[in-house]
Structures are given as structure tokens and as C-alpha cells.
Amino acid sequence: MKILVFVNHVPDTETKVKVGADGKLIDPTGVNFMLNPYDELAVEEALRTREKFTGEVVVASLGGDSNKETLRKSLAMGCDKAVLLKDASVRDSFAVAGALADYAKEYGAEIIFFGKQSIDYDGAQVGGLVAEMLGLPSVSVVVKLEIKDGNIVAEREIEGGHEIVHTKLPAVIIAQKGLNDPRYPSLKGIMDAKRKPIEEKTIAAVESRVEVVEMRKPAAKAQGKIIGTDASAAAELVRLLHEEAKVI
Amino acid sequence: METSSSTYMKGGSFLLQETDATEIFTPEDFNEQHHMIAQTTDDFIEKEILPHIHEIDEQQEGLSVSLMKKVGKIGLLSIDVPEEYGGMGLDKTSSMLVAEHVGKSGSWAVTFSAHTGIGTLPIVYFGTEEQKKKYLPKLGSGEWISSYSLSEPGSGSDALAARTTATLSADGKFYTLNGTKMWLTNAGFADVYITFAKIDGEKFSAFIVEKGFPGVSTAPEEKKLGIKGSSTRQLLLDNAKVPAENLLGEIGRGHIIAFNILNVGRFKLGASVIGAAKKTITEAVVYAKARKQFNQPIAQFGLIKQKLADMAILTYVGESMVYRTAGLIDHILESVDKKSPEASKKTLKGIEEYAIECSIIKVMCSETLDFVVDEAVQIYGGYGYSEEYPVARAYRDSRINRIFEGTNEINRLLISVMLLKRSMKGELGLLTAAQQLANDLLSMPSSGNGEPEGIFASEQKMIANAKKIAVMTSGAAAQKYMDKLTDEQEVLAHISDIVMEVYAMESVLLRVKKHYASDDKPNELYVNIVRTFVNDAMARVEIYSRGILSAIAEGDMLRTYLTVLKRLMKYEPLNTVITKRAIADALIEKDRYDL
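So the protein sequences, as listed, match chains A and B. Residue numbering for the first sequence follows my numbering, starting at 282 and increasing by one per position. Residue numbering for the second sequence follows my numbering, starting at 130 and increasing by one per position.
Next up, chain B with everything else stripped away, as it sits in the complex:
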């Protein structure tokens, strides 16, 4: 990817330039292999996991592990493991598809993704040849289960403040680790723990710790709000003896491992929650059709239709973002020679290019699932509050997604901070664009050349304006606060909110434009989804931008900004009562989420 000949979209550049619909990857572009992988995963989850969901939630002894071994036989644990270590080494789209279909299995999805993601990938990307040979075949087959521990009782988001120490023995043969790690998924039955500790109390480093090493134990199970079927414990390191060759990566470079692995975790989390959202919508549709009140199925009521439509729109938009990003990552990784000794480094660099998009997906999709499960409980009414029905569990299981893999607050800060940092480094022209825009906007109204045409002409214009608003607000904020901007978390988060809406609007529009909106015969359902989402998203963009502008300007300056905002916010409002009823009717007719 260093070669200038290979072309790829720079991460975050969607904000500053237009993308052609033909350039993006969408679920409609899956190949036969993708469909088969999705099907085999779905069959496994439907037949082997979902029937046991109650026993899994009760943490029935040995059940989750035996199911992991079973899924290992099909190869689903080794998608990201290179072929030379017994894995499949498939593309990220396949990996996301598996995550999506496993995603509907609640607690077990967390067991699965902790093992295949944060539990296995650190060794894939940072392990020595010996470490890979020793651990990857076992992890890829499910013979061994892995767990990952970054947090500590006193350090979560501030991971580098960890207090666990590692000291090299005088003979240089082993490290002695002391400390307590927190929230280890799979800890109860894991054979391996990827652990972080500070060598000599300062050099943050990673280690592969095995269950059987002296001084390694786990605390009792945490009693959690949701995902009760996943094992979560503390890892207790009491003079734990870890062979020196189990140091993972370089001394003092543990943060590189931690942050890179989180990037991967974030886009997979996005795929996983979309799978869960689709399942919950299907349940809600089926229930709303069966439940009668006032002599008719509640699915016929406008307020229920509105909920179903909103749930489906957000899920469809989330899915569009997830696979657009998968396509970007797969495209950039195509140029990585898998046999090269630099392969891991280049792969991570490729994924890191889209760190902004990964964070966007993490935040938006986890919030989508929370919205979906909340509204599903509401549709079920009193029954939604009963453990007899599936939505109560879905509601509890969803909540963690806004917390782990970097809280949504941390990710919101990351999105705008990364955009600004890349601009300062000259990788993205955000600040130049802001300057340019300021001149244009203040001088005269938009000249009108290059106006979008076609079925989505007005939506494309709205998105272009939302991009201008993002550029204007971030430029204004950067100018006002300079290097103190990182202290203004509320402003940064709102900038990110606008950026996220832009990525979401554009992703769904391009997807539909590519597949369902040929001008001679547009598919009304999908066109409605785009129009409705863009209409609603613009209203949110307006709120966020007013929040930012009122915080950074006052008096005449503020009035000037608001005049510009008003001009950029000019669009015909859509009758979303009609479009949402139509979208809900499509779900009701199909009896499930099938978009």
C-alpha cells in the first residue's frame, strides 16, 4: 500500500470528496463464497446455539466450550488465522459476515468474538513464528480458548494507567507478573490470556499467559446486567511466572497491540450488532402481527409501524456502513503480500487507515441495536418485560456494546480528533477545506454549478451540505480552541455526530443508488429508506451544529454562522408518516427483516 500505483480511498476522505456509487462495496456484491459462509454460520447458530440459549445464559458447565469446539470443526474460529497455521486466511468481508450471523446468539456471540477477535488476533498480528506455531492451530480449532485482558480495577478507558507489573528474572528466562486484570471475557474456561503489564513498572507490554502457569488464577464470576451466558472474571496474577519467550510484540509497545486490535474489534462489533438487530426486528414484526388490541393486530397501528420502520431503517443503514467499510479494508489489503514478513504490519496499517470508519461503525451500530431492542420491548408491551419472551434478554444483552471495545464516548472523541490530526499532518484537507468554505460561504450563495441530478438529486445535495456543515463546524472549532480543542469534549463529540450522520447517509444512498435506483425502474421501498433516513438525519445534524456553533461563537459571529447554517439546511421536508408506513408494511408483508 505504500506504492503510489495502488489506489484507495483515504480513511476519512468521504467527508471531503464525493464517492461514486459503483465504487462502494455492498451486501448485494457478496460472491457465492460469501453467501455460503453466511449460510453455514446461520445454520449452525439456528440449530446448535439458539435452542440452548437458556442453558447458555445459566452458564451450564462446559456447554459454551463444547459449542466452541463444535464450531471450530466447521472452521469458523480460524477465518482470520493464516493458512500456514491451519487457518483459512479469508477476507474481512467473510469475517464480518460470520460476525453478523453469530451476532444474533446473545451471550454466545460475545464468547465467540472475544476468542476469535481480541483473543486470537494479537498472536496473528504480533506473535513470533514460534508463538504462532504453538498457539494459532489450537486457537483456530477451538482446542484452546483465549481471553484478553486490558482493563484493571482502576483503569478502563485509560488503559495505559495499568498497574500490573512484570519483572524479568536475573537469568532472563521468565517474567514475574503481579496485578489484577478486569472484565476478561471467557476467563472461566480460557486456556490462554493475552495480558498487558508494565515491565519494571513503566514499559507497557503484552504477554501470552497460559492457564497453567504458576501464580495464575481467576476470581469468581461477575454477576452482570446482560450477556449472562458469557464468562467474565478477574485474572489474578500473583507472582505469576511467564516464560520470557511469551512476551508478545516489543517491550514497551503494548499500546500498539491494544489499539490496533481494538480497531479490528470495532468493525466486527458493528457487524455483530447488526445481526442481533435483524433478529430482534423479525421477532417484533411477528409479535406485532399476532398481538391484537382493539380488534386488530397492533402491527396495523401507526405508532407501531413507525417503530418498526425506524428500527429497520437504522439497521439497513448500519449494514450499509459495515459492508462499505469491509470493502474498503479488503480493497486496501489486496495489495498486501500474505507471504511477506511485513504482512502483519501492513495489514494492520491498512485497517488503521480506516480507524475513523471503524469507530463510526462501532458507535452508530451499537446505538442502533440499543434503539432496536428498546423499541422491541415497547412493541411487546408488558410481555416485553417478561423473561418468557426473547426481547427482555435482547434488551439486556445489547447494553454492553456501548461500553466495550472502547466506550462510545471514547470513540466519539476519537473520530473528530483523528480527523483533525490527519488534517494537521496534511493527510486530509479538512482545515484547508474549512478555509476555502469559509471564504465561499461568506462571499456569496452557492453558484449552482455541478448540481446533482437524478432520482436522489435533493438527497445528494443534502449530504453535500451536511459535509459542508461538518467542515465548517470543525474548522470553526479548531480556529477557536487551537491546541486546546481536546479539552472541549462536548464540541468534539458533536462534530463526530455530524461526521457519523454523513457517513451513514452517504453509505445508504450509494448502496441503493448502486442496486435499486436505476432511473427507469427505481425500487420504491429502498428509495423510501434513503429519503426517510436522510430527512431525519439532517434534522439531527442541525441540532448538533447549533450546539457546536452556540458553544464557540456569540453575537454577530454566531448570527453569521447561523445564517450560513440556515442556507445549508434548506431542503423540502419529507412526509415521513407515509414513507415509514410503507417501509413497515414491507416488513409486515414479509413477516421478518428481509431487506
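The shape of chain A in the complex, shown without the other chains:
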């Protein structure tokens, strides 16, 4: 089976990020980056799919040279080949999806895995957009996946419960936490990854439809205030909530 998994290179959850000088992007200096945790689930599911059906797993990422680190980790987990869709520009989800869909088509993927969202911009759009662009069915927030004779049974999370859906290959599967327990890159995997190729492709520039105008950190939370300790404080509380906080 021709299995494709898309991964994103995102700031490490432990890193403190700062807004850059232009007020539109984060300042990447001193920030550690990592394989997006939801995409790690996607890589694991892609590898399990290959283990079941044989074939190959290609991992692809859109971005600059630094994304190679994330591609290398995916290779160390066991992916066979990596592709860097080289692009230094800033794109919205739609423009990203366009580039990924083009590559997925060119590769001829039979199944495409995504993570639910990237933990940097939290768009949660790209997987669904790619499926639409390719005219493929997509199942999002998948927590359980079974594939048999080209038929897919996927369990997805919905509010307060699970939903089971059926569809057919080729399809786009969008992973949610709980789908699997991603493997750690083994030492052998790490050594093998050195020998696996990372192919670089230059992609065409496209215009984004959404523009970031400003990025800012939420205002620091103000100190709590104790108005009083018995019922007599209620009136003052109501007044403050109404006049100062303006929530009632």
C-alpha cells in the first residue's frame, strides 16, 4: 500500500515562545521544535498500516530546512522515505492544504494520515481541506481504525461519546489522541534513519486567503481580590462584577 503521512514541525510544548518584532509571527530564536504530537499518532498509525498490509510509508512536511529534524525523527520511527516540500513563505491553512494535496496526488497515495491539529496555530483544517481538494472521504478525530479489503471502519470522538463510521480506501484519516501509543525511535531506527533519503521539492507560491494582522499574548491575569468573608460583601461583589468586570 502507498501510505502517506503529513507531519508538522512545531515549537516544543516546554518552550516559552515570544511574539516576534513584526507582531505577526513568533520569534523562533531559542525555541526548540518538535514533531507535532498529533502527527506522531498519524506516523504510528501509518507504520502499523504498513506492518499489516506491507507497502511503504512516505512522510512529508512543508516548511524550511529545520523541518528535516522532524522528518528525521519520523524516519527513525520507521518511515521509509521523507519528502520536504520546501517553502519559506507564510501560508494559511488553505494554501498549506493546496501544496500538500498536490504532492499527495503526485505520489498517488492510497491512504493519507494527518494529526488532528498542529499545536502551534491550532487550525485543525488541513486534513479536511486536503481530502476535499482530492475528492476523497475523510474521517476526523479518529481513535480507532480498522482496514479490511479496502473497507474502513473508524471510530471517532464526538461530544459525550463515540461514533463509528464506514468508508472506503483511498481516504484521509485524521488522528486523535487515543488512536495508538506512538513508538519511541529505537537506537537502530535512529542509525538507519541516517541512511534514508530526504527528498526536497520546491513548490509553487500561492496566495493565502487569510492574513495574520496581529499576534499577541493574552494579558497577564490580575491578582484576585477578597472583598469580604461574609454575606455583607455580596452587594459590593455584584457592584464590581457589574461596573468593573462588566460581566453582569
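Just so you know, the hints here were simulated from the structure itself, not pulled from any lab data. As the structure is a computational prediction, the values presented were derived from the model and not from experiment. Note that CB positions come from ideal geometry on N, CA and C, so glycine has one too. Please note: incorrect hints may appear among the correct ones.
Computed beta-carbon distance windows for the label pairs [to be verified]:
| no. | chain 1 | residue 1 | chain 2 | residue 2 | range |
| --- | --- | --- | --- | --- | --- |
| 1 | B | D158 | A | K482 | 29 to 35 Å |
| 2 | B | G218 | A | E480 | 25 to 31 Å |
| 3 | A | V312 | B | K176 | 20 to 26 Å |
| 4 | B | A567 | A | V312 | 36 to 42 Å |
| 5 | A | G311 | B | D569 | 44 to 50 Å |
| 6 | B | I707 | A | L521 | 39 to 45 Å |
| 7 | A | V519 | B | K199 | 55 to 61 Å |
| 8 | B | S515 | A | R520 | 39 to 45 Å |
| 9 | B | K478 | A | P318 | 44 to 50 Å |
| 10 | A | L521 | B | K352 | 31 to 37 Å |
| 11 | B | Y514 | A | D403 | 40 to 46 Å |
| 12 | A | A500 | B | Q146 | 31 to 37 Å |
One side of the interface only, derived from the structure: several residues of chain B facing chain A at Cβ under 8 Å [as the list claims (entries may be wrong)]:
| no. | residue |
| --- | --- |
| 13 | F159 |
| 14 | Q162 |
| 15 | I166 |
| 16 | T169 |
| 17 | D172 |
| 18 | I203 |
| 19 | I208 |
| 20 | E213 |
| 21 | M217 |
| 22 | G684 |
On the provided structure of chain A, position chain B as indicated by the hints.
Relative to chain A, chain B alone:
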């Protein structure tokens, strides 16, 4: 490494010559593979070990072993096992990186390192082909767990005084072992014990003993001060029958195995405690920012900042020494042909070249961790004394590091004794340098040629002077006591203290010079770390050298020495209140140890 064409720094030579910053290996020089190995180890520890740290400490049945098998699947147990026996056969830098990241897991780190180090390496380096084939694949995968037993109830540092005996049967097929071995890490669940016994009561030799051999059993668990999650028991050998082919190495050469394996253990211990120190500093920083007293986070107080800075400086210095040494060892081992039948012997010889550096790392890094956990408890205050918070456990777990792998006292003696021995053998020019220096110093003040330049000009001069002090004191001590010097343990230990400070100062300076101190744009944080450490270390060097000189000389002679010392101790003192506040502020801003 016998070839004259291969160049390497001789062990201990840092004391007598200058090293160029470009020549040393530092954490900034890790390659992509090193980073990935560190990351995979760190992820495993964070996700699989740390969440279970309480159950591990309670020795929950089967837990540590199952985690060992799990980590074995990733390959972390087989880094030092050669590829032909199913291992990875990676460089020592990788091995140290794994040790560092495992190091933050307390008890489990001890389980891990006892197995991969002293439990597995004796077979890697001294096993026969059959022994390697039989045991290494199982040990490398975690299918079997190994344990190591050198100490006995009556012999610890004096390992060769062991009383366990081994007697060959009349048909030559097996040895009968009798005795009690002490402090075996992993004994409770080990499948294999590397054991030492004296054949015919005199020839100290090593054996591979399996759990199932007749007459082999273990005593109940020891109740320990710390690392409570690691299994520690006595090994009881009661007419234990060990097949003759399980003799490890040569008859009567057990001490070669014991001492060589300890060398390796020492530098790995250094890496491991640095990992633990980084974790504890992060916890202390986070706590100090959250804890408010007098209406402000205690992290804002000068005395807390001073502690955080001291903890971080020592840890950074320790890390610099650890990986500088890893680089030295990897460089010397590059010339070893892994396929050659002599590979093990040459590898050990390569590591042995840096036995002095290995001992330095062992002592300084274990004392750094003890300092760090002690100050962390202090920062937590009353909460630090409560088992509800992580630092109480860190405090208890740290203490063993100054005792095992050769006590710090034994290692302090080893450092100066090895330096002097190598000088007597003509391998190091310490004594000649001492003679030369004595003439120079007594005749006239330093002529001033070849003065260091650049951003660290004064620190380089201080280090050069500290080297002179080391040379002067050791030369004077050797001259005074001659072959009786080994009886003067206090003097020897202080000589080692000076030597250690020299290695520490130089390692951190060269690292920062290599990466953060290009003259056009030096990084202030790292420059501060170097200046502060060198300033504080010089004060300690002065105390040690006064101690030595007052012990070996008196009257005019002593006054002459002290005049020379005063001249070598001339430097501008640094305002460390400012530098330490700045270093602490960097930690506070980053919310963790991230240097």
C-alpha cells in the same frame, strides 16, 4: 593507539600544557544522531519511568524489570554491546548522553546503569567468544538482567581482601564458590551475577554466575537511605557450582576486570548525576518562582538567586568536563579496529589513558549533585523536608554517588597518585615541570612573555597559575615525602582538589570560548558563568594549597612558598553578587535549567 602517527592528548596532560578551545569536545558539538538518542531516551524516561517513580521506590513486584525489558526494545541497553552480538556498538558520547538522561530517574537510573555498566561490560571486554554469544544478546535486549558483586561484608574499598573462595573440581569441570558478596544492585531480580572470588584462596578471579546454579541464593532486601527502588541484596554462595567455562578473564587477573570496569563506571556516573542535577535545578526554579513570601516570589531574593546560580554553574561546569572527557575517549577509540581480536584490550587501554579524568568527573560531579539537592531542599524550605515534594527523594538518592564506583576518598587519592606515578614512569613531565618551576619562581617574577589575550585573558592567566600551584605543591610534596607520600592522604587529596579545579576551570572556559565568546559578540550569560566559576575556584585553590604547604614546610621555607603562592594568586576579584544574580535571572526567565 600504539601507532605514533595517531595523536591524542595524554591523560592528565591538561595540567602541564595548554589546550586550544577548538580541540575540545562539547555538548554544542553533538551531531544529529546524538540529539536523537538523547531525545528518545528523555521521552522514554519522562513518559514511562517518572510517572511510576513512587511505585518504583516501593519496589512494586516486577515493575523495574518490566521497564528494563521495555527500554531494551528501544535498544538503550545495548549501546556498548558490539554489533556482532546484537548490540549497537556506539560511541561513548552516545553512551554518556543516555546515562545523563536516564540519570534523572533516581532509583531506576541505578538499576539501569548497574545492568548496562558493571553488569554487562565485564563480558563485553573480557568474555570469551562463547560467553559473549551466550550472554550479550540476552543482556542487550533486557531478556536477562545482570548484577555485579565486588564488595563483601569485610571488604569494600580494599576489594582484593575478598574472602570468597573458588575451588576447581578434580575433573576440572566446575568451580565451587563459597562466600558472601555485598551490595549487589539488581540482585533481587538478576539472572546473572558477575562475581569475584579467589581461586584456591589466593588468585583473585571473576566468574559469571547464573541465578539457577546450585548453591546460589540472595539475602533479603537491604533497607537503604536512598535509591530505595533499586534492589540491593547480598549474594550467598554456598558450595555454588559454577561451570569452569564461566570463569571470566584469566585466573588471578580479576583485579584487571574490577579496576577497568570501574573506570568506565566513573565517567558514566558523572554523566548520570549531571542529568539528575539539571532536573532538580528545574524543580527548584519552578518552585522558587511560585512560592511567595513577603509578597514576592522567593526567586526574587538575593540568597535564593545565589543558590540557583551556584547550582547551575557547577552543573554546567560538570557537564563541560563530562563531555570533554567523552570526546577524548571517543577520539582515542577511533583508532581501535572493532573487528580486531585485540579490540577489547585496546578499548580498555584507551579508556584507562583517561583514568585521571574519569576519577575527577566521578568526584566533582557527585559532589555537585549533593550540593544541588541540598540547596534545593533549602529552597523548598519546610516543603523540601516533606515526602510530598520531589526534592526529598532527590536528596536521599544523591548520597550514594559519593560512595559507590570507588568512594570519593579513594578517587581523590587515585588522582594525585596516578599523576605522580605517570610522572615517575616518564609518561608525564610533572616532576620535571616542578623542578623547572621551582627555579623560575625563585629566581624572578614571571617575565610576561606569552601573556594570554582576548576576552578571557585574566581567567586564562588564573588557570595557568592554578596549574603552576598544582605543579609546585605536588613537586614539593613528592620531594618532602619521597616514597612515603602515599601515607600522606590529606596532602594527596588536596593536590587532587587543586587538579580537579584546574580541569573544571579549563573545561568550562574552553567550552565557552569555543561557542559563546567570539570577541565581537560574546554571550554574557556564559561569559559570566566562566568568570564566576574561575573566581570562586581560585579561592578554593588557595585554601587547598595553603593546607598542603603548611603541612610540608615550616619557617623560612614555608614563608618562601607562601610568597610564591601570593604572587600566583594575584587577580582582580569579581563582583559575584552581580554575576550570580544575572545567571539566576536567566534560569528564572527560562523556567528551567536550559543552559
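Status of the M217 of chain B interface restraint (C-beta, 8 Å, chain A): With Cβ-Cβ at 5 Å, under 8 Å, it holds.
Per-residue hint verdict: I166 of chain B, partner chain A, C-beta under 8 Å: holds (6 Å)
Pairwise beta carbon distance, Y514 of chain B to D403 of chain A, judged against the given window 40 to 46 Å: At 42 Å between Cβs, range holds.
Chain A contact restraint on I203 of chain B - CB to CB distance below 8 Å: holds (5 Å)
Pairwise beta carbon distance, A567 of chain B to V312 of chain A, judged against the given window 36 to 42 Å: violated (55 Å)
Evaluation of the interface hint that places I208 of chain B against chain A, nearest CB under 8 Å: holds (7 Å)
Cut-off 8 Å, beta-carbon criterion: hint that G684 of chain B touches chain A: violated (58 Å)
Evaluation of the interface hint that places E213 of chain B against chain A, nearest CB under 8 Å: violated (15 Å)
Range agreement (Cβ of K482 of chain A with Cβ of D158 of chain B, hint 29 to 35 Å): Distance hint for D158 of chain B, K482 of chain A holds at roughly 31 Å.
Consistency of beta-carbon spacing, E480 of chain A to G218 of chain B, with hint 25 to 31 Å: Taking Cβ atoms as reference, G218 of chain B and E480 of chain A lie about 30 Å apart, which means the hint holds.
Distance restraint hint 31 to 37 Å, applied to the beta-carbon atoms of A500 of chain A and Q146 of chain B: violated (58 Å)
Interface restraint verdict for D172 of chain B against chain A (beta-carbon cut-off 8 Å): Holds: closest Cβ of chain A sits about 6 Å from D172 of chain B, inside 8 Å.
The structure is inconsistent with the numbered hints 4, 10, 12, 13, 20, 22, although it conforms to all the rest.
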